[in-house]
Amino acid sequence: MDPHARTYTTVSKVVGPIIVVDDVRGVAYGEVVEITMPSGRKRLGQVLETESTRAVVQVFGGTRDLDTDRTSVRFTGEIMTIALSPDILGRVFNGIAEPIDGGEEVIPEEIRDIYGSPINPTSREPPHDPIQTGISVIDGLNTLVRGQKLPIFSGAGLPHNQLAAQIARQSKVTGQEESFAVIFAAMGITYEESSFFIRDFTDTGALERAVLFLNLADDPAIERIITPRLALTTAEYLAFEKGMHVLVIMTDMTNYCEALREIAAAREEVPGRRGYPGYMYTDLASIYERAGRITGKPGSITQIPILSMPDDDITHPVPDLTGYITEGQIVLSRDLHRRGIYPPVDILPCLSRLMQGGIGEGLTREDHADVKNQVYSAYALGIRLRGLVAVMGNEGLSSLENEYIRFADLFEDRFIRQDHNEERTIAETLDRAWELLAVLPQEELKRIDPAFIKKYSRTAKETPDA
Amino acid sequence: MYAQGIITRVIGPVVEASGMGGSTMYESVRVGDEALIGEIIILQGDIATIQVYEETSGITPGQPVQRTGQQLSVELGPGLLGTIYDGIQRPLTVIRGFSGDMITRGSTAPALDHNRRWAFTPLVSPGDTVNPGDRLGSVTESTSVTHYILVPPEGDGRILTIADTKDYTIEEVIATIQTDRGIIKVSMVRRWPVREPRPIQRRRDPKEPLITGQRIIDTLFPLVKGGTAAIPGPFGSGKTVVQQQLAKWVNADIIVYIGCGERGNEMADVLDEFPQLHDPRTGQPLINRMVLIANTSNMPVAAREASIYTGITIAEYYRDMGYDVAVMADSTSRWAEAMREISGRLEEMPGEEGYPAYLSSRLAEFYERAGLAEPLGKHEKLGSVSIIGAVSPPGGDFSEPVTQNTLRIVKVFWALDAELAYQRHFPAIDWLMSYSLYSHTVDSWWEEQIGEGWSRKKQEMMEILQKENEIQEIIRLVGPETLPEEDKLALIEAEIIRESYLMQFAFHPVDTFCSPKKQSLMLSAIFAFFTWAREAVAAGVSASEIRSSPIFPLLSRMGPVPAEEEEDLFSALFAAVKEPCIPVRGN
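Taken in sequence, the protein lines are chains A and B.
In case it helps, numbering that gives the first Met the number 0 puts the first sequence at residues 0 to 465.
In case it helps, numbering that gives the first Met the number 0 puts the second sequence at residues 0 to 586.
What the hints contain is simulated information worked out from the structure, not anything from laboratory work.
Be aware that a few hints might be false.
Straight-line Cα separation of at most 30 Å, DSS-like style, residue types lysine-lysine; simulated pairs [to be verified]:
| no. | chain 1 | residue 1 | chain 2 | residue 2 |
| --- | --- | --- | --- | --- |
| 1 | B | K410 | A | K445 |
| 2 | A | K445 | B | K377 |
| 3 | B | K487 | B | K517 |
Okay, the calculated beta carbon distance ranges per label pair [claimed, not checked]:
| no. | chain 1 | residue 1 | chain 2 | residue 2 | range |
| --- | --- | --- | --- | --- | --- |
| 4 | B | I41 | A | G274 | 43 to 49 Å |
| 5 | A | G392 | B | N468 | 20 to 26 Å |
| 6 | A | P37 | B | Y357 | 46 to 52 Å |
Derived, one-sided and incomplete: chain A residues facing chain B with beta-carbon distance under 7 Å [as the list claims (entries may be wrong)]:
| no. | residue |
| --- | --- |
| 7 | A27 |
| 8 | T75 |
| 9 | G76 |
| 10 | E77 |
| 11 | T80 |
| 12 | A82 |
| 13 | S116 |
| 14 | P117 |
| 15 | I118 |
| 16 | N119 |
| 17 | A284 |
| 18 | S285 |
| 19 | G291 |
| 20 | S376 |
| 21 | A379 |
| 22 | I452 |
Each residue gets a CB set at the ideal place from its N, CA and C atoms; glycine is no exception.
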């Protein structure tokens, strides 16, 4: 029995996921609380606010069945932790790290605070190793690098899960065989969605090097507050203690933010935009910033958070704040999806901020940056002209302008479009881009170094038409 | 020893303590058993509300609060340059040495190295009368910067002793001064409260441009030494790249880069890249004239609030030595959000969008610490602090409070546009929305230093861009077919301005920096081409023939052309436009 533990039965108020306990002494901020309900069932909680004689506690697992007479509250004197060991690989847990795969509790090699500590900026190693996901729109135009956090901005009904699973399945750093792990944190997703991931991980044998934390749609919403932190603490352990390259997929961050808002509302806090709390930026940063590399350590944490934009609105607080913290974003488009293009990635608002340092000679290929810039500007122009065609028809445009439209069409069909199981190397992706750029007159390739045009456009000449 | 208080309440980064009678607003305190650094932000009777600069998990009511009697302040002296600090001036490299790769709570270390010895050269002699701000001596702080030790504000009097040319630590007394109030001892280190502007003699109106090497900025929307600029834009529009470009190439003597609530990997990139970059003017590593403040978004929010003040105080310190200092604050929105977060914890009455009512006055106070100044003391050189603040408006909506309150104060507005960024037009500064109130102030400098006709070309350039916008409107209505050739040519001219001049590749080894001389040369070449093209169109050449002219691709090579080929390219350009253009089919 922990000497710091104290038990009280002085619950004075229950509002949503929050309880207030009176007549307490020496309760620490952030302390873990164990609540025993009249029925004998137990719940976990955490101190949100503490005063000399009063504590405000958020209850994980919901407050149904709680009362103000018989409920007992035990303050454990500890902060929230997770038990870790290498055996954690291959395991499936619920959203508060209880095993749900029928296996035993993890015998800890180490116990860690789930809130972690910020990485000292001077200890960070700038990420440089490109990850080949085998997906052209990502590798060619928005290269993912180890240690990056690159979210997928999606919408209801779009195939973000397929894309995330494909990334998890195909990701590799070319020419290197290193230990690799996937951590999957589900927050409020449906049973079907989670079973899709489990099946995909099982079929491809990825499960044995994966750890799953599943908070499903019918699990208590409040637990979503800690699910990503459990996942990231596990990731930090595997990456910086065990030297593994960890890919963390977190879905759906919008559900996480809803849970955050629920607590804020129950505490009657001053709401910020759309009712989300004013500290949501800081809170999200404490999750996303746990990606990275550390100088002198072999491992890395790469994050792919997935979030659904309510009403496909990229200015909604959840995608907006996320975009300000993460190093770019992959944005899915309903329009492309309707036209049957997979992955339906709208490249124009997409960005990988760390791409610049991860591509080029010695990393991917010398022409990568120029090709990317050229493809972007040509496609952007093609899309703009497409809008004009809608107004005045193809006849109103010059032949050059029509070539740009043709480029945009071909680009969507032959570059963006890709099969669920199709894996392209980065060189294949870039060659494909050259083939498509051949649709345009060579003088139009203003963003590419003439030396590269001489060297690489040769391949294009052989297959100018589809 | 000051009285101790007792913690009565903990809510996130805010702590309340009783028994704090006698303490002052903004006094620095040590909170709890782990002595976390905090600052008093509300006093009510003997109860103090304290914002804590570290994570407060585990802090319990009943634990002590220790007063220090001092305001939250920074340590100023040789050794600041090249160092990387967190928001409350803890040296992160030193902290890493003993606390490891993760920042653990309660880690503190002095901001400056108190053991290092610096070669001091006296500049006064015993018996000299001195006033605050006078130079007592100098230290070569880095290969690019001479650090002057100044007479402190309370130090008007007569020099009693002054140290010889020798090596000293920053704590050793290097001078004693007889003042009316007694003898004061001066060492090379000073403390200064961050929320209090350092005194100057008087402000001057700024007029010299701060050259950034970024064409769209220097030419169209210039900043001056001592000026203020805001750079708002949605995420992905390239705010940070522009900020970093400015930090690299701006012609200030000292750069203070404040990473306020931004990404850790970006700071890592700065730390990795800047030591390898060399100042184009002096050839010295850039890091030798920089102070970096990194309070990333996951570091404590109260320290983020303080980081802006820490940065500006260090900037003022170098200004007082007669240097031009540029402060990059990335991002002021995160700073405002830190204020909002703390205000929310205090349950203050919120203003617009939950921001505290004092948001606009805090922003104004911060930007007003910029300026061109006559420092205290009798040296002639003026000092300046220029502030470039990034703003991150939610959803890219410029009508939000932080952007709007900032625009009421700053004189230069570089509006970043997501559409331009999507087209990979960088820097994605929207030329129609942006403005600079210094635009005319710096004309005379350009005309005198660089070349005549500058302001006229600049003006005409804006007109062409405006015209393009109007013509685009017409095209949207009636299509491009009906346009007269002159208008089609105007579109081509605008395209040249946009793609060959305003667009600039930050990651290109040559194009990353464009000297004023080259900017002027490029403008001359572009306008020579325009004259040539206009004459040709008047003589019956079609606009599409102009576009396929062999001169056209030469223009887009001007920016990235290597220095050794520059002369050939420009002579080829000027030679080409001497020949009149003949209609191809003789129509």
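Let's test the interface hint: is any C-beta of chain B closer than 7 Å to that of P117(A)? Because about 5 Å separates P117(A) from the closest Cβ in chain B, which is inside the 7 Å limit, the hint holds.
Chain B contact restraint for N119(A) - C-beta distance below 7 Å: Holds: closest Cβ of chain B sits about 5 Å from N119(A), inside 7 Å.
Is the hint on E77(A) kept, meaning its closest Cβ partner in chain B is under 7 Å away? Hint on E77(A): violated, closest Cβ of chain B at ~9 Å, above 7 Å.
Have a go at the S376(A) hint: is there a Cβ in chain B nearer than 7 Å to its own Cβ? The hint holds - S376(A) has a Cβ within 7 Å of chain B, the shortest such distance being about 5 Å.
For the hint on S285(A), just tell me whether its beta-carbon gets within less than 7 Å of chain B. 5 Å, holds
Check the hint pairing K445(A) with K377(B) against an upper bound of 30 Å on the C-alpha distance. 55 Å, violated
Hinted contact I118(A) with chain B - closest CB pair below 7 Å: With a minimum Cβ separation of about 6 Å from chain B (threshold 7 Å), the hint on I118(A) holds.
Does the interface hint hold: is A27(A) within less than 7 Å of chain B, judged Cβ to Cβ? 4 Å, holds
CB of P37(A) to CB of Y357(B), is that within 46 to 52 Å? Once the Cβ atoms are compared, 48 Å apart, the range 46 to 52 Å for Y357(B) and P37(A) holds.
Regarding the hint that G291(A) lies at the interface with chain B, is the smallest CB-CB distance below 7 Å? 6 Å, holds
Report holds or violated for the interface hint on T75(A), using the least CB-CB distance to chain B and a cut-off of 7 Å. 12 Å, violated
Distance restraint evaluation - G392(A), N468(B), Cβ atoms, bounds 20 to 26 Å: The hinted range 20 to 26 Å holds for G392(A) and N468(B), with Cβ atoms some 24 Å apart.
Checked against the numbered hints listed earlier, the structure breaks hints 1, 2, 4, 8, 9, 10, 11, 12, 22; every other hint is satisfied.
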